[in-house]
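Enquirer: What follows is each chain in one-letter form.
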Amino acid sequence: MATKNITGPGGGFTTVTGFNGRYEEWSLAFDFGAVDVTAFDDNGWNNTDLTSCKVTGTATGILQYDDTNATPLPAAFVASTFAPASGAGSATFTAQTGCTVAGTFAVTSSNMARSAKAGTKGSVSHTLENQGAVTLTWDETA
Amino acid sequence: MSQALTEGVYGALTADQSAGTFYDDLSGRIYELAAPEDAALPHAVFNLVTDPPDETFSGDDIEATVQIDLYGERRLGAAALGDIQAKLLAELQGAAVTVAGFIGGVFMFTERGQRSIDGGAHRITLEALIQANA
Numbered sequence: 001m002a003t004k005n006i007t008g009p010g011g012g013f014t015t016v017t018g019f020n021g022r023y024e025e026w027s028l029a030f031d032f033g034a035v036d037v038t039a040f041d042d043n044g045w046n047n048t049d050l051t052s053c054k055v056t057g058t059a060t061g062i063l064q065y066d067d068t069n070a071t072p073l074p075a076a077f078v079a080s081t082f083a084p085a086s087g088a089g090s091a092t093f094t095a096q097t098g099c100t101v102a103g104t105f106a107v108t109s110s111n112m113a114r115s116a117k118a119g120t121k122g123s124v125s126h127t128l129e130n131q132g133a134v135t136l137t138w139d140e141t142a
Numbered sequence: 001m002s003q004a005l006t007e008g009v010y011g012a013l014t015a016d017q018s019a020g021t022f023y024d025d026l027s028g029r030i031y032e033l034a035a036p037e038d039a040a041l042p043h044a045v046f047n048l049v050t051d052p053p054d055e056t057f058s059g060d061d062i063e064a065t066v067q068i069d070l071y072g073e074r075r076l077g078a079a080a081l082g083d084i085q086a087k088l089l090a091e092l093q094g095a096a097v098t099v100a101g102f103i104g105g106v107f108m109f110t111e112r113g114q115r116s117i118d119g120g121a122h123r124i125t126l127e128a129l130i131q132a133n134a
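Heads up: the protein sequence lines correspond to chains A and B, in order. Under the numbering used here, the residue at position 35 of the first sequence is numbered 35, and the numbers go up by one with no gaps. Under the numbering used here, the residue at position 53 of the second sequence is numbered 53, and the numbers go up by one with no gaps.
It should be emphasised that the hints constitute simulated quantities derived from the structure, not laboratory data. Each residue gets a CB set at the ideal place from its N, CA and C atoms; glycine is no exception. Check before you lean on any hint, since a few could be wrong.
Some, not all, of what chain A presents toward chain B, calculated at C-beta under 7 Å [claimed, not checked]:
hint: 1; residue: 22
hint: 2; residue: 23
hint: 3; residue: 119
hint: 4; residue: 122
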């Protein structure tokens, strides 16, 4: 099977329940917890160990309203008593059909923006970090 | 999709046909692309300038540009056509645009009016952005 580039329209993002937007872009960063363990016997060469995998994702889209599932944040999340349990759940980042990164993520921050200018759209973005293992699925033979 | 969008724009331009409106001032003479050779003045001509797909993970939205040219008799002066322009701006800025297959269509002017002379007519050119989501 010939390799194919991922280009053009497509992809997808399913966010943690309660966080909403009409998503247009996402990004993921994998940090493998590099620790410098360089010692005297490394003869002047740097030495690095990897310790744990932290996955940070961002998703950005259009702020929406007028639907039961349009609130950018779960209402309970920002109620009089902060409800942190509402801030985590399943999320899936899809690069192409059959090519996903999925797992349990905590939404660590959200941003909203609005401009009065014609042609602009309200925007929403969420930053997520993994809670435990994530699953990489890359359908290499489809 | 452009046909549905064109129908949506025409629908917005002709939505209010009551006395004293933009539509009424033109006696309904609103055309796409070009007016007939013998079209009386004043009249309006609109055309879809751009209609690129505006992709999201949930489907392709609309973010299209439409140009509207108003033509009026030169002998009546620019102010007469300006009154019609003012009605168009008041009636359509932020107005809903119904595009089949899409929701939340809205009409926003990005150019409120450039005045020029076109033969024996005054012309005022406006541009608007149409946004809607799938």
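Enquirer: Which numbered conditions among the earlier hints are violated in the structure presented, ordered from lowest to highest?
Expert: 4
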